[in-house]
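Chemist: The lines below spell out each chain.
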Amino acid sequence: MTVTAVVGVRERRREHRTTQAELAAAVGVSRQTIISIERGEHAPSVYLALRIGRALDARVEDLFPLPEGEN
Amino acid sequence: MATREHRRGANLDAVADRVLDLDSPVYGDERERRVVLEACSFGFTLALYAALAAAVLAGAAGSVGASLGFLLVAVAPSAAAAWYARRRNVDFDLLATRDRRAYVRGQVVALVAVLAWCGTLAFLGLTGRPLLPVGDALAAGASMGGALQGMAVGGVVGAVIGGAWHVASTRRKAARASRTADEPDDDF
Numbered sequence: 402m403t404v405t406a407v408v409g410v411r412e413r414r415r416e417h418r419t420t421q422a423e424l425a426a427a428v429g430v431s432r433q434t435i436i437s438i439e440r441g442e443h444a445p446s447v448y449l450a451l452r453i454g455r456a457l458d459a460r461v462e463d464l465f466p467l468p469e470g471e472n
Numbered sequence: 028m029a030t031r032e033h034r035r036g037a038n039l040d041a042v043a044d045r046v047l048d049l050d051s052p053v054y055g056d057e058r059e060r061r062v063v064l065e066a067c068s069f070g071f072t073l074a075l076y077a078a079l080a081a082a083v084l085a086g087a088a089g090s091v092g093a094s095l096g097f098l099l100v101a102v103a104p105s106a107a108a109a110w111y112a113r114r115r116n117v118d119f120d121l122l123a124t125r126d127r128r129a130y131v132r133g134q135v136v137a138l139v140a141v142l143a144w145c146g147t148l149a150f151l152g153l154t155g156r157p158l159l160p161v162g163d164a165l166a167a168g169a170s171m172g173g174a175l176q177g178m179a180v181g182g183v184v185g186a187v188i189g190g191a192w193h194v195a196s197t198r199r200k201a202a203r204a205s206r207t208a209d210e211p212d213d214d215f
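Chains as they are written, first to last, in this note's numbering: chain A, 402 to 472; chain B, 28 to 215.
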């Protein structure tokens, strides 16, 4: 997971005016896990990524874009 | 979540699943589960090398039974782990060969440990005395009755005190859990 995830998830969460604790509760994980995802330290499973996307009204591809040159 | 690739109806697989209980909430969310399993793998690896070292030391001290026990402690979990993975179509040996240097290093360490262990037993067999003459220092006998009773009582008292402290400490940690994280949360 790259730094791109930090911008995608954290930025979208703040635009949505949702705290980490609220997002964690909405998707069923700990706040520390949300922090790890925002920092790019943990790559969420497909299902968790979909739940995060639904909670933030965003597409998974926008929250977790692949770096340039990676396919 | 436990993998379900194994053949249905296999009793040993069912026992393994029950022992692991990977769907239990004690493993936490997916990131916590990954960290728990990584931590267990780390502990297992350390225990493996510690058991090999202990087997060699016990053999050197002339304690054949203990050295065999330590060797069993080293070999059995490794064999069990390889079996568990193989049932799910993951072959440890094939994966290990993908990093040639690490594979060779692991094989050399295992070979050195086994040869050292065999060497200690051969020395004992050929000379009639252990490589490390620790004598009766590690043997418990009737003359140590009082000391052993004291150790037993101390062990029980320590277990009760330690257990109570651990329970209380875990409750305090659980009460702080929702507020504990690497960074402060946003406040909208």
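For the record, the hints were derived by calculation from the structure and aren't laboratory data. We put the beta carbon where it would ideally sit given N, CA and C, even for glycine. Check each hint, because a few of them may be wrong.
[To be verified] Label pairs and their calculated CB-CB ranges:
{"no.": "1", "chain 1": "B", "residue 1": "120", "chain 2": "A", "residue 2": "446", "range": "25 to 35 Å"}
{"no.": "2", "chain 1": "B", "residue 1": "201", "chain 2": "A", "residue 2": "451", "range": "48 to 58 Å"}
{"no.": "3", "chain 1": "B", "residue 1": "215", "chain 2": "A", "residue 2": "461", "range": "49 to 59 Å"}
{"no.": "4", "chain 1": "A", "residue 1": "427", "chain 2": "B", "residue 2": "184", "range": "43 to 53 Å"}
{"no.": "5", "chain 1": "B", "residue 1": "142", "chain 2": "A", "residue 2": "427", "range": "32 to 42 Å"}
{"no.": "6", "chain 1": "A", "residue 1": "444", "chain 2": "B", "residue 2": "182", "range": "42 to 52 Å"}
{"no.": "7", "chain 1": "A", "residue 1": "444", "chain 2": "B", "residue 2": "133", "range": "23 to 33 Å"}
{"no.": "8", "chain 1": "B", "residue 1": "193", "chain 2": "A", "residue 2": "451", "range": "32 to 42 Å"}
{"no.": "9", "chain 1": "B", "residue 1": "91", "chain 2": "A", "residue 2": "442", "range": "31 to 41 Å"}
{"no.": "10", "chain 1": "B", "residue 1": "137", "chain 2": "A", "residue 2": "460", "range": "42 to 52 Å"}
{"no.": "11", "chain 1": "B", "residue 1": "127", "chain 2": "A", "residue 2": "469", "range": "54 to 64 Å"}
Chemist: Now tell me if each hint is right for this structure.
Modeler: Hints, verified against the model:
1. Between residue 120(B) and residue 446(A) the beta carbon distance is about 28 Å. The supplied range of 25 to 35 Å therefore holds.
2. Here the CB-CB span from residue 201(B) to residue 451(A) is close to 30 Å, at odds with the stated 48 to 58 Å.
3. A C-beta distance of roughly 24 Å is found between residue 215(B) and residue 461(A), which places it outside the suggested range of 49 to 59 Å.
4. Remark: the range hint 43 to 53 Å for residue 427(A) to residue 184(B) is upheld by a beta-carbon distance near 48 Å.
5. Take residue 142(B) and residue 427(A): their Cβ atoms lie about 58 Å apart, and the range 32 to 42 Å is violated.
6. One distance hint, 42 to 52 Å for the beta-carbon pair residue 444(A) and residue 182(B), holds here, with the actual separation near 45 Å.
7. A beta carbon spacing of about 28 Å between residue 444(A) and residue 133(B) agrees with the range 23 to 33 Å that was offered as a hint.
8. Between residue 193(B) and residue 451(A) the CB atoms are about 39 Å apart, so this pair conforms to the stated range of 32 to 42 Å.
9. In this structure, residue 91(B) and residue 442(A) break the distance hint of 31 to 41 Å, their C-beta atoms being roughly 48 Å apart.
10. For the pair residue 137(B) and residue 460(A), the beta carbons lie near 49 Å from each other, so the given range of 42 to 52 Å is met.
11. As the Cβ distance of residue 127(B) to residue 469(A) is approximately 32 Å, the hint placing it in 54 to 64 Å is violated.
The structure does not agree with the numbered hints 2, 3, 5, 9, 11 stated previously, though it agrees with the rest.
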